[in-house]
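A.B. asks: What follows is each chain in one-letter form.
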Amino acid sequence: MSTRPQPTGTAPVVVTANQGPSAARKAVNYLVLIVLAVFFIAPILYMFIGSLKPADKVLNGLAGFIPESLSLDNYAGVFARFNSEATGYFYNFYLTSLIVSVVIVIGGLVVNSMAAYAFARLRWRGRDAVMLAVILLVIVPFEAIAVPLFYLLNGSRNTYYVQFIPFVANALSIYLFYTFFVGLPKQLDEAARVDGAGPWRTFLYIIVPMSKPVFASVTILTFLSSWGSFLWPVMMTDQPRYRPLPLEISVFQGQPPTDWGQIFAFGVMFVLPLLIVFLVFQRWFVQSVASSGLKG
Amino acid sequence: MSTVKTINRDAESAEVGAGRPRRDTRSALVMIAPAIIGLVAFVIVPFIAAGYLSLFNVRANSSRPPVWFGLEQYHRILTDPTFYRGLLNNFIFAAVVVPVQTLLALGLALLLNQSLRFMSVFRTFFFMPVVFPMALVAVIWKLIFSRDDLGMLNAFLHAISFGHIPPIDWLGSTTTALLSIIILSIWQGVGFQMIIILAGLQGISKSLYEAAQIDTANRWQQFLNITVPGLRNTLIFVVMVTTIFAFRLFDQVYILTQGGPQNATTTVMYQAVTSAFTENNVGRGAAITVVFFVIVLTITVVQRRLLREDREVA
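Line by line, the protein sequences are chains S and V. For the first sequence, the working numbering assigns the number 15 to the initial residue and increments by one for each residue that follows. For the second sequence, the working numbering assigns the number 583 to the initial residue and increments by one for each residue that follows.
Note that these hints are calculated values from the structure, not bench results. Just so it is clear, the structure is predicted and the values come from calculations on it, not from any experiment. Glycine included, C-beta positions come from ideal geometry on N, C-alpha and C. It cannot be assumed that every hint is accurate.
Partner residues aside, some chain V positions facing chain S, computed with beta carbon under 10 Å [as the list claims (entries may be wrong)]:
no., residue
1, Q696
2, M734
3, T756
Here's a subset of chain S near chain V, in silico, CB distances under 8 Å, partners left out [what the hints assert, rightly or not]:
no., residue
4, K40
5, P180
6, V285
Based on the provided sequences and hints, a complete structural model is requested.
C.D. replies: Right under this line is the structure:
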């Protein structure tokens with residue numbers, strides 16, 4: 015990048031003069047964006063509309079998009095269908111997903127941020143070697159250890175804890191916290207130390223309050239993956255009581271009689287909390303995804 | 583690992599009281615203990631166990647002890663046409679999804695990176711599928727791919743071709759099943775890459791484009807000489823993540839096709855899980871897992887090398 019010009023001397027006038035694309039260009043851009051947006055939104059819209067329609071009007075060609083004879087019957091139907099020990103109660107699936115995701119997210123924030131702080135801002139022997147080991151673990155995908163873990167934890171199938179315990183400590187989360195903590199000015203801890211604060215107080219009262227962006231990023235990335243977790247519950251649960259939502263929807267859609275209206279209603283209830291949180295905290299979602307790509 | 587060295591140098595400079603060396607060993611050990619215990623118990627131990635178990639004929643929940651098998655599991659896998667079919671499917675999936683998804687994400691990011699109105703609204707639309715769990719995505723698309731003329735995609739193709747495209751059995755035909763899985767995977771995943779590339783675009787200094795405009799470089803020249811080099815590391819990252827994702831392919835296949843029809847959509851991970859879980863052949867599943875990890879490791883090493891070359895050039 016030796017050819018980079020000095021950014022200072024450029025007059026801002028040049029920028030504004032050349033920025034606006036022509037009207038024709040704009041129109042083409044918008045047209046392309048709208049066509050693409052329709053393709054991206056159509057499946058989501060289809061699910062929402064279908065969840066409000068009678069089953070025989072859902073699988074109905076392009077008419078599947080027409081909102082007709084709308085009702086909440088499918089939602090009531092989902093609750094009616096899951097109302098025994100054999101089928102599991104709808105709240106069971108929700109509760110499982112909620113317990114598992116909340117423990118993974120909250121537990122993970124505590125455990126991984128604490129470790130990252132020790133790696134980034136404390137002096138101790140062996141630190142660099144241990145951190146190197148943690149970074150190497152980032153490249154081990156869960157799929158590479160799922161089978162032996164299934165074997166080792168086989169005695170704990172059909173429990174809540176087996177669904178969250180392997181995922182609390184997370185090398186990628188430690189790495190994300192670490193890169194953020196390393197970037198904070200060192201005068202922060204120095205000042206705290208002069209005031210007599212030890213590592214714990216410095217971490218809790220100085221570092222954590224300054225690190226909201228990275229806590230938000232890790233929360234979002236961890237929650238997205240735990241709420242949608244599928245492979246592990248496939249192997250570790252067969253009782254409806256301990257089935258999380260992603261597994262249950264896959265079981266539901268394969269069970270006759272297939273009622274697509276109800277399946278979509280299930281899907282809406284599955285994704286709606288996530289969708290609302292996404293729309294409210296969109297900026298944080300975008301930032302957390304962007305930050306996950308800023309490594310390497 | 584040159585990256586680690588630079589990181590540790592950063593840590594050195596961020597350290598407290600560089601003048602008077604003080605160690606916080608005890609606090610540090612307490613702070614890392616829960617994470618390290620978790621990583622050892624649930625990543626390192628199973629990782630080693632994968633290699634170990636792959637040398638045995640072993641079942642879960644069995645009263646019989648594991649039987650030493652040597653390299654027999656690997657021998658069986660590597661002479662099994664079904665395994666190669668899975669590997670081939672992973673490669674086909676990667677060969678289509680990596681370029682298509684990356685280019686689509688790049689295109690979307692470039693479109694959104696203009697100072698036009700409503701860009702954040704469009705960004706929301708393209709990103710929305712990312713928050714959908716794959717299990718739900720698979721279920722929605724199962725209905726879209728429905729084989730008769732009532733299926734959404736068939737009805738759409740019928741309409742835009744004025745009835746010339748007959749209904750296709752998307753998930754049930756060997757020629758279209760993998761393609762169907764590719765389509766829904768791209769739909770769900772492209773928004774993620776788009777955001778990463780968008781962040782990369784915004785990291786390129788505006789002054790470079792201003793200088794290029796003064797030099798009367800056209801848009802295409804600007805794209806080739808400023809945007810592409812500026813995005814190099816971002817694109818390598820995106821390509822690597824997508825490639826590894828292609829080899830992790832499981833959820834969609836398990837829900838939509840169970841590897842069929844005639845193994846047209848079977849994958850390495852699908853076989854690892856069905857071997858271990860459905861057939862209760864943990865040794866075979868573990869051996870497939872080891873092969874899978876070797877593939878992932880190779881991709882990662884290649885990517886690291888590409889990044890390092892870039893550093894030397896710069």
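A.B. asks: Please go over all the hints and tell whether each is borne out by the structure.
C.D. replies: Here is how each hint holds up against the structure:
1. Q696: Cβ of V:Q696 sits 7 Å from chain S, so the hint holds.
2. M734: holds, 6 Å
3. T756: Violated, about 21 Å.
4. K40: Hint on S:K40: holds, closest Cβ of chain V at ~6 Å, below 8 Å.
5. P180: Interface hint status for S:P180: holds (4 Å vs cutoff 8 Å).
6. V285: Hint on S:V285: holds, closest Cβ of chain V at ~6 Å, below 8 Å.
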